[in-house]
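Based on the hints, put chain B in the right spot on chain A.
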Amino acid sequence: MTNAFPDQPSTGLVRGSLNRSATSPRTVFSRVMTILAFVCGILALLPLLAVLSYVILQGFSSLSLSLFTELPPPPLVPGGGFANAIVGTLIMVGLGAVISIPVGVLAAIYLTEFSSGSLSRGIRFATNVLSGVPSIIAGVFAYGIVVATTHTYSAVAGGASLSILMLPIIVRTTDESLQLVSQDLRQASVGLGATNFQTVSQVVLPAAIPAIVTGTTLAIARASGETAPLLFTALFSQNWTNTLFAPTASLAVLVYNFATSPFKNQQSLAWAASLILVLLVLLTSVIARWATSRKAY
Amino acid sequence: MSTQAQNSLPIVRPLTPTEKSLDRGFILLTQIFALSVAGILLWIAIQVAIQAAPAILKFGARFLFTSAWNPVNNDYGVLPQVYGTLVSALIGLLIAIPIGVGTAILLSENLLPKSVQMVLVFLVELLAAIPSVVYGVWGIFVLIPLITPVGQWLNTYLGWLPIFSTPPTGPGLFPAGVILAIMTLPIITAISRDALISVSPSLRQAAFGLGATRWETIFQVLIPSAFSGIVSAVMLALGRAMGETMAVTMLIGNSNHISISVFAPSNTIASLLASQFSEASGLQVSALMYSALVLFVLTLIVNVLAELIVLRVKRL
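In the order they appear, the protein sequences are chains A and B. Residues in the first sequence are numbered from 25 upward in steps of one, following this note's numbering. Residues in the second sequence are numbered from -7 upward in steps of one, following this note's numbering.
Worth flagging that the hints you see were computed from the coordinates, not collected in a lab. Take the hints with a grain of salt, since some may be wrong.
Some chain A residues near chain B, calculated using beta-carbon distances under 8 Å [unchecked claim]:
1) A61
2) I147
3) R210
From chain A, some residues computed to sit far from chain B (all C-beta separations above 10 Å) [claimed, not checked]:
4) L114
5) G141
6) S206
7) Q211
8) A212
Have a look at the derived ranges for each label pair, beta carbon to beta carbon [claimed, not checked]:
9) B:S220 with A:H175: 44 to 54 Å
10) B:V305 with A:L204: 21 to 31 Å
11) A:L60 with B:L297: 27 to 37 Å
12) B:L86 with A:K288: 29 to 39 Å
13) B:E117 with A:P126: 19 to 29 Å
14) A:E200 with B:P193: 16 to 26 Å
15) B:S220 with A:L42: 30 to 40 Å
16) A:K288 with B:L297: 42 to 52 Å
17) B:Q212 with A:A46: 19 to 29 Å
18) A:N266 with B:L153: 51 to 61 Å
19) A:L307 with B:F57: 31 to 41 Å
20) B:P90 with A:T47: 22 to 32 Å
By construction, the Cβ of each residue, glycine as well, lies at the ideal position given by its N, Cα and C atoms.
Bound-form chain A, shown alone (with noise of 0.2 Å):
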């Protein structure tokens, strides 16, 4: 090999080659981290695939239709379902999501379109740390705003608590999504003699609309598998929901007590409810994927 640097005095080392030695140190160092990288990424990965693995094989082996249309069982009992508790979770979530969509959107619109400078960012701040906010004391808060002044456990209690959990989710998100939306649609909106009003509804929300509803869905299949808050609020019932205000069954709630309850039953619909919010919220997350990947504006 001709000496690249003829002027320097050649010894029997390659110096100043552009090929990097495969047994120097820096070299085997290199290697060995990306090795690590790799195995790092493995053991990420490992707990999912674990995860949903064992719920799909040991819910699926539990499945049948009389999940969606009993009642729990006692213990020891084989058979019963969940009917009560998926509508539970619906009313609870709807709920949640009745009081959190409005107030979130139109929050999340007067941040895009209506304020500036500190008074945003304050509210932006505020809205993240809500976001890290316990969910057990989302639970805890409203017990005390709605449970204790009340006085019963209720469905509208655990949909109070979980609209707590949502509401920071959908105003993240829609600010997100508003801020997407291009300042000519309503600089144009506003040069035809547009209000602030027809401004919002009619040009800059529809463009939003996608990522809104996307934001949405997620924060609702985040709600409907919270439990620590429906541990305060909503508590548990074996029978069906007759009215909004006595303690409410939930998917989220049958889970935590069959899968501790000692009986082999109650554990297999622990495992087959575990299936369905697991299936909910993977089709959510899939879905949210493929909706924001194909971009509308």
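Just chain B, lined up with the frame of chain A:
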């Protein structure tokens, strides 16, 4: 211009006072809702403090430093739970930070084709979406049987270390720490990856131009410049780990004693609340509210610090 076109032109007129006030009312409505989002945070703090008031008045700061939890004598102290909260979060972070940052590096460098990278990023996000109870159920039936032999090995051969001094009996601080590691991993990975990606490409290219290998660049250029992002990721993960309730309740053993060994059962504030609240009454409820206030203040501090770090980085 034909008369046809002239007849179809819209009539242009200024806004009526009603229309103007309606419009201003709309802006006011959105402002009220936006301020209420910030107000809810304040309201939560006040509400929890009000409910904790009887216990605060009775126990004061002593609550944080005593270990008794006795509903019979109405004597309450939350030190073991604070210890359990902090130690389980610490174990979780110790495991999750190296793996999380390593995965973030893997997913931000060009070690994998782009399509595979995107799929892996999505899968890591999926880890965060699985409900906490499902992790708890999986932990009881899969993780604890897996970890107990590991714990027994550690106890047999390294039992002279105080942290391994008791044999594992199922639930304990260690399984709870591992499940917290799994649950905080996606937060650390996602935010660290965002921080690493947003490092300016010119820094990386300058390092390569000076002859650095890929990993020398990562350790000496990229990680230092993405450091604030990684720190804020760790703080958010810490906040999440401290507040995590269901999975920890099912794996930690619910024992109100401080033990140096990580295999001994323990308790966290969140799991104390979850397991005792439904049957509590009187002063016990207020004591539970006091511990909720402690947890709220702890997570508030951590989350505010994380946000301040992020804001400081953005302003740079």
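Results of checking the hints against the structure:
no. : hint                           : result
1   : A61                            : holds (4 Å)
2   : I147                           : holds (5 Å)
3   : R210                           : violated (14 Å)
4   : L114                           : holds (16 Å)
5   : G141                           : holds (14 Å)
6   : S206                           : holds (21 Å)
7   : Q211                           : holds (17 Å)
8   : A212                           : holds (16 Å)
9   : B:S220 with A:H175: 44 to 54 Å : holds (49 Å)
10  : B:V305 with A:L204: 21 to 31 Å : holds (22 Å)
11  : A:L60 with B:L297: 27 to 37 Å  : holds (30 Å)
12  : B:L86 with A:K288: 29 to 39 Å  : holds (36 Å)
13  : B:E117 with A:P126: 19 to 29 Å : holds (27 Å)
14  : A:E200 with B:P193: 16 to 26 Å : holds (24 Å)
15  : B:S220 with A:L42: 30 to 40 Å  : holds (36 Å)
16  : A:K288 with B:L297: 42 to 52 Å : holds (46 Å)
17  : B:Q212 with A:A46: 19 to 29 Å  : holds (22 Å)
18  : A:N266 with B:L153: 51 to 61 Å : holds (57 Å)
19  : A:L307 with B:F57: 31 to 41 Å  : violated (48 Å)
20  : B:P90 with A:T47: 22 to 32 Å   : holds (27 Å)
Hint violations for this structure: numbers 3, 19, all remaining hints satisfied.
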